[in-house]
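With chain A held as given, fit chain B onto it using these hints.
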Amino acid sequence: QVTLKESGPGILQPSQTLSLTCTFSGFSLSTYGMGVGWIRQPSGKGLEWLANIWWDDDKYYNPSLKNRLTISKDTSNNQAFLKITNVDTADTATYYCARMGFAYWGQGTLVTVSS
Amino acid sequence: DVVMTQTPVSLSVAIGQPASISCKSSQSLVHSDGKTYLNWLLQRPGQSPKRLIYLVSKLDSGIPDRFSGSGSETDFTLKISRVEADDLGVYYCLQGTHFPNTFGAGTKLELK
Numbered sequence: 001q002v003t004l005k006e007s008g009p010g011i012l013q014p015s016q017t018l019s020l021t022c023t024f025s026g027f028s029l030s031t032y033g034m035g036v037g038w039i040r041q042p043s044g045k046g047l048e049w050l051a052n053i054w055w056d057d058d059k060y061y062n063p064s065l066k067n068r069l070t071i072s073k074d075t076s077n078n079q080a081f082l083k084i085t086n087v088d089t090a091d092t093a094t095y096y097c098a099r100m101g102f103a104y105w106g107q108g109t110l111v112t113v114s115s
Numbered sequence: 001d002v003v004m005t006q007t008p009v010s011l012s013v014a015i016g017q018p019a020s021i022s023c024k025s026s027q028s029l030v031h032s033d034g035k036t037y038l039n040w041l042l043q044r045p046g047q048s049p050k051r052l053i054y055l056v057s058k059l060d061s062g063i064p065d066r067f068s069g070s071g072s073e074t075d076f077t078l079k080i081s082r083v084e085a086d087d088l089g090v091y092y093c094l095q096g097t098h099f100p101n102t103f104g105a106g107t108k109l110e111l112k
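In the order they appear, the protein sequences are chains A and B. Using the numbering used here, you'd call the opening residue of the first sequence number 1 and step up by one each time. Using the numbering used here, you'd call the opening residue of the second sequence number 1 and step up by one each time.
Pulled out of the complex, with its shape left as it was, chain A reads as follows:
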């Protein structure tokens, strides 16, 4: 059974760095072909893909945020991470992680950027 769960700070201030963790089970990021991605959704709005990381440590970023994003993984602990630097109010959203292929999603974690 594949499950994913996101965790984050809940609230942070403008200019800070957002750190998100995706803890998953039912698959391994050391398995050929596996990947985890991050997607976000501002309240009442659509979905935006942010970044992917693959079993071979290949990484892809959304160019619109690329300079601010860093994705990484801890294969031993079945976790994937996303950092977003220099956040502002426009980064307020629910952040999801999903296994690549998008068949499995986490429940999402709400992040609010506010001073």
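Careful, some of the hints might be misleading.
[Claimed, not checked] Below, a list of computed lysine-lysine pairs in the DSS-like style, where the Cα atoms sit at most 27 Å apart:
{"no.": "1", "chain 1": "A", "residue 1": "Lys59", "chain 2": "B", "residue 2": "Lys79"}
{"no.": "2", "chain 1": "B", "residue 1": "Lys24", "chain 2": "B", "residue 2": "Lys79"}
{"no.": "3", "chain 1": "B", "residue 1": "Lys79", "chain 2": "A", "residue 2": "Lys45"}
{"no.": "4", "chain 1": "A", "residue 1": "Lys83", "chain 2": "A", "residue 2": "Lys73"}
{"no.": "5", "chain 1": "B", "residue 1": "Lys79", "chain 2": "B", "residue 2": "Lys58"}
{"no.": "6", "chain 1": "B", "residue 1": "Lys35", "chain 2": "B", "residue 2": "Lys24"}
{"no.": "7", "chain 1": "A", "residue 1": "Lys59", "chain 2": "B", "residue 2": "Lys112"}
{"no.": "8", "chain 1": "B", "residue 1": "Lys108", "chain 2": "B", "residue 2": "Lys58"}
{"no.": "9", "chain 1": "A", "residue 1": "Lys45", "chain 2": "B", "residue 2": "Lys112"}
{"no.": "10", "chain 1": "B", "residue 1": "Lys35", "chain 2": "B", "residue 2": "Lys79"}
{"no.": "11", "chain 1": "A", "residue 1": "Lys59", "chain 2": "B", "residue 2": "Lys108"}
{"no.": "12", "chain 1": "A", "residue 1": "Lys73", "chain 2": "B", "residue 2": "Lys50"}
{"no.": "13", "chain 1": "B", "residue 1": "Lys35", "chain 2": "B", "residue 2": "Lys112"}
{"no.": "14", "chain 1": "B", "residue 1": "Lys79", "chain 2": "B", "residue 2": "Lys108"}
{"no.": "15", "chain 1": "B", "residue 1": "Lys58", "chain 2": "B", "residue 2": "Lys35"}
{"no.": "16", "chain 1": "A", "residue 1": "Lys5", "chain 2": "B", "residue 2": "Lys24"}
{"no.": "17", "chain 1": "A", "residue 1": "Lys66", "chain 2": "A", "residue 2": "Lys5"}
{"no.": "18", "chain 1": "A", "residue 1": "Lys5", "chain 2": "A", "residue 2": "Lys83"}
{"no.": "19", "chain 1": "B", "residue 1": "Lys50", "chain 2": "A", "residue 2": "Lys45"}
{"no.": "20", "chain 1": "B", "residue 1": "Lys79", "chain 2": "B", "residue 2": "Lys50"}
{"no.": "21", "chain 1": "A", "residue 1": "Lys45", "chain 2": "A", "residue 2": "Lys59"}
{"no.": "22", "chain 1": "B", "residue 1": "Lys35", "chain 2": "B", "residue 2": "Lys50"}
{"no.": "23", "chain 1": "A", "residue 1": "Lys66", "chain 2": "A", "residue 2": "Lys83"}
{"no.": "24", "chain 1": "A", "residue 1": "Lys45", "chain 2": "A", "residue 2": "Lys66"}
{"no.": "25", "chain 1": "B", "residue 1": "Lys50", "chain 2": "A", "residue 2": "Lys83"}
{"no.": "26", "chain 1": "B", "residue 1": "Lys79", "chain 2": "A", "residue 2": "Lys66"}
{"no.": "27", "chain 1": "B", "residue 1": "Lys108", "chain 2": "A", "residue 2": "Lys45"}
{"no.": "28", "chain 1": "B", "residue 1": "Lys24", "chain 2": "B", "residue 2": "Lys108"}
{"no.": "29", "chain 1": "B", "residue 1": "Lys108", "chain 2": "B", "residue 2": "Lys50"}
{"no.": "30", "chain 1": "B", "residue 1": "Lys24", "chain 2": "B", "residue 2": "Lys58"}
{"no.": "31", "chain 1": "A", "residue 1": "Lys59", "chain 2": "A", "residue 2": "Lys83"}
Derived by calculation from the structure, the hints in this document are not laboratory data. Remember, predicted model here, so these are calculated numbers, not experimental data.
This is chain B only, laid out in the frame that chain A set:
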């Protein structure tokens, strides 16, 4: 970036009636491996998105065959043969062929 244009924005359908959603991409979604990575997702209120269809027309496990996907290259359609109450929510198309992966803006399915 590949732009995914979804229509209509909203859809009001009576239970038991059919529904159809269109998704057009700004470039072909045929990957160099020959596959077309076009997905359809449903997000029910307060829930995470759920994939219904992948590779244009393949139904995910547990998805009723009232749902069907079709299309090719740049033009895709999701059809529900008979809408049920559980089908309400926002439908998104998502292309996984090109990076960045991109979503349609969504179609809200409501009951008439």
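Hint by hint, here is what the structure shows:
no., hint, in the structure
1, A:Lys59 <-> B:Lys79, "34 Å, violated"
2, B:Lys24 <-> B:Lys79, "15 Å, holds"
3, B:Lys79 <-> A:Lys45, "23 Å, holds"
4, A:Lys83 <-> A:Lys73, "11 Å, holds"
5, B:Lys79 <-> B:Lys58, "13 Å, holds"
6, B:Lys35 <-> B:Lys24, "17 Å, holds"
7, A:Lys59 <-> B:Lys112, "44 Å, violated"
8, B:Lys108 <-> B:Lys58, "22 Å, holds"
9, A:Lys45 <-> B:Lys112, "23 Å, holds"
10, B:Lys35 <-> B:Lys79, "21 Å, holds"
11, A:Lys59 <-> B:Lys108, "32 Å, violated"
12, A:Lys73 <-> B:Lys50, "24 Å, holds"
13, B:Lys35 <-> B:Lys112, "37 Å, violated"
14, B:Lys79 <-> B:Lys108, "14 Å, holds"
15, B:Lys58 <-> B:Lys35, "12 Å, holds"
16, A:Lys5 <-> B:Lys24, "32 Å, violated"
17, A:Lys66 <-> A:Lys5, "24 Å, holds"
18, A:Lys5 <-> A:Lys83, "16 Å, holds"
19, B:Lys50 <-> A:Lys45, "16 Å, holds"
20, B:Lys79 <-> B:Lys50, "16 Å, holds"
21, A:Lys45 <-> A:Lys59, "26 Å, holds"
22, B:Lys35 <-> B:Lys50, "21 Å, holds"
23, A:Lys66 <-> A:Lys83, "11 Å, holds"
24, A:Lys45 <-> A:Lys66, "21 Å, holds"
25, B:Lys50 <-> A:Lys83, "25 Å, holds"
26, B:Lys79 <-> A:Lys66, "36 Å, violated"
27, B:Lys108 <-> A:Lys45, "12 Å, holds"
28, B:Lys24 <-> B:Lys108, "17 Å, holds"
29, B:Lys108 <-> B:Lys50, "15 Å, holds"
30, B:Lys24 <-> B:Lys58, "18 Å, holds"
31, A:Lys59 <-> A:Lys83, "13 Å, holds"
In the structure shown, a violation is registered for the earlier hints numbered 1, 7, 11, 13, 16, 26, in ascending order.
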